[in-house]
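Take these sequences, add in the hints, and give me the full structure.
Quick note on my numbering: the sequence shown kicks off at 39 and runs consecutively.
It is possible that some hints are incorrect.
What the hints assert, rightly or not - Simulated DEER-style distance windows between Cβ atoms:
1) Phe-151 x Lys-188: 14 to 20 Å
2) Lys-139 x Trp-92: 40 to 46 Å
3) Asn-133 x Ala-47: 30 to 36 Å
4) Ser-78 x Lys-139: 33 to 39 Å
5) Ile-66 x Tyr-200: 20 to 26 Å
6) Gln-145 x Ser-78: 24 to 30 Å
Simulated from the structure, these hints should not be mistaken for laboratory data. Nothing here was measured: the structure is a model prediction, and the numbers come from that model. Heads up, the beta-carbon is just placed ideally off N, CA and C, and yes, glycines get one too.
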Amino acid sequence: MATLTITRAYQHFFDTHPNGTLALTGGILNAVGDIVAQVSQNATSEDHQRRPGWDAARTLRFFCFGCGISPLLGRWNVFLERRFPLCRRRSHKINFGALSKRVAADQLVMAPFGLVLFIGCMGAMEGRSLDQIRERYSDMYSTALLTNWKVWPMAQLVNFRYMPLPFRIPFQSTCGVFWTLYLSLLNAKEDEKQQHKIAIHQRR
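As structure tokens, this is what we get:
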């Protein structure tokens, strides 16, 4: 009953304020992914004295990124819906060729572009220099993109096949909690690397 009420409420807000609804949903789920990542990092840390606790600013950055990119993903899904319709007119049969094209377009266009935005936006929000952001692209981009192609095509296949258009971003963001966990850990690792370089440079 509660789930049905939440679903109806979400549908109402999506119909009346689609961009705001997608932004808030994506931001919250992105923040959840980062909180899970921070808890995991602290729980698995071998050095108990170096556990920093919860970094609220880091979670806020993930929330802001989720708020920003989710409406863009919503428009992208509308484009895919119109460009590659799954059902032909007067037919309820699924066109699996169109479904495959949706997944391929998503993974070959939006996935690389989304990672460019993620690395650049996170670097900017952390106050990194252009050289440091370029270094992050060099260190992180290819690794993250290859991992993306290992896990996301199947998730997006299910998403495009079974989820109604208004619920695709929430479904993607829910699956993305684990993806955000991965990106958060990868970003934090790169952050520690750059901080270590800065510390060495300052000692000289």
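Results for each hint:
1. Phe-151 x Lys-188: 14 to 20 Å: holds (18 Å)
2. Lys-139 x Trp-92: 40 to 46 Å: holds (42 Å)
3. Asn-133 x Ala-47: 30 to 36 Å: holds (33 Å)
4. Ser-78 x Lys-139: 33 to 39 Å: holds (36 Å)
5. Ile-66 x Tyr-200: 20 to 26 Å: At roughly 23 Å between Cβ atoms, Tyr-200 and Ile-66 fall inside 20 to 26 Å, so the hint holds.
6. Gln-145 x Ser-78: 24 to 30 Å: About 26 Å separates the Cβ atoms of Gln-145 and Ser-78, which means 24 to 30 Å holds.
The structure shown violates none of the earlier numbered hints.
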